[in-house]
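Participant: Each chain, letter by letter, is given below.
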Amino acid sequence: DSGVTQTPKHLITATGQRVTLRCSPRSGDLSVYWYQQSLDQGLQFLIQYYNGEERAKGNILERFSAQQFPDLHSELNLSSLELGDSALYFCASTPGLAGVNEQFFGPGTRLTVL
Amino acid sequence: GENVEQHPSTLSVQEGDSAVIKCTYSDSASNYFPWYKQELGKRPQLIIDIRSNVGEKKDQRIAVTLNKTAKHFSLHITETQPEDSAVYFCAAFDGGLSGSNTGKLIFGQGTTLQVKP
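Chains G and U, in that order, give the protein sequences. According to my numbering, the first sequence is numbered sequentially starting from 144. According to my numbering, the second sequence is numbered sequentially starting from 2.
Just so you know, these hints were derived from the structure itself, not from any lab. Don't take every hint at face value.
Said to hold, decoys possible - Using C-beta positions, here's what the derived DEER-type ranges look like:
1. I155(G) to Q46(U): 34 to 42 Å
2. V21(U) to T158(G): 37 to 45 Å
3. L47(U) to S170(G): 16 to 24 Å
4. T11(U) to G227(G): 20 to 28 Å
Claimed, not checked - Far from chain G, by Cβ distances over 12 Å, these chain U residues were calculated:
5. A20
6. K23
7. Q46
8. L47
9. S75
10. L106
11. Q110
In this text, a Cβ means the ideal position worked out from N, Cα and C, and glycines have one as well.
Full structure from sequences and hints, please.
Facilitator: Laid out in structure tokens, this is it:
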């Protein structure tokens with residue numbers, strides 16, 4: 144158990160809908176990273192938040208957005224869902240701002256878009 | 002930006018043999034190279050990492066080598082065991098134009114390792 148929690152574990156929804164994925168980092172960790180893992184692709188970095196502020200961005204679609212709250216939990220919002228958004232979504236956390244340290248991954252949320 | 006290529010995509014070895022997975026990266030400014038292991042249905046977990054000021058690092062049966070000139074790094078697993086069967090991902094840290102410590106991990110496509118008993 145890495146100490147990073149994610150809810151829900153599974154999510155099934157329809158195209159066009161909007162969902163929110165939630166992540167709680169390890170106690171004391173200030174940085175949260177979001178990744179998308181599709182069946183035929185590796186881990187794709189989406190976005191990083193540090194202490195409430197966006198700090199790094201990957202190839203995150205405009206339909207996706209994220210935020211980190213004062214209690215340091217983070218939410219990833221996916222809207223106007225398409226079939227291709229079906230994937231495993233992981234969040235990870237680190238104590239500080241630097242990404243050059245071990246990232247502790249949560250168990251993931253499996254999103255299925257029908 | 003950074004691009005990471007990983008080979009092979011699948012690897013099958015007999016228990017006790019060695020396994021080698023290779024990755025190349027494109028950005029010479031990258032300075033941090035972790036390897037993650039992901040068992041089926043589970044989260045990725047760091048198994049070893051190396052920084053650009055070091056050429057080799059070992060941890061029991063696992064070793065990683067880094068060739069900065071050629072821009073490639075490799076994972077070596079010796080005396081493989083069935084529990085080593087998993088997907089292995091290499092990654093390179095992309096600090097962006099400023100080369101800072103904030104940035105993103107760029108992952109390879111993964112190698113599915115199967116260790117046959």
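Participant: For each hint given before, does the structure comply? Return the numbers of the non-compliant ones in rising order.
Facilitator: The structure conflicts with hints 1, 7, 8, 10 and 11, although it agrees with all the remaining ones.
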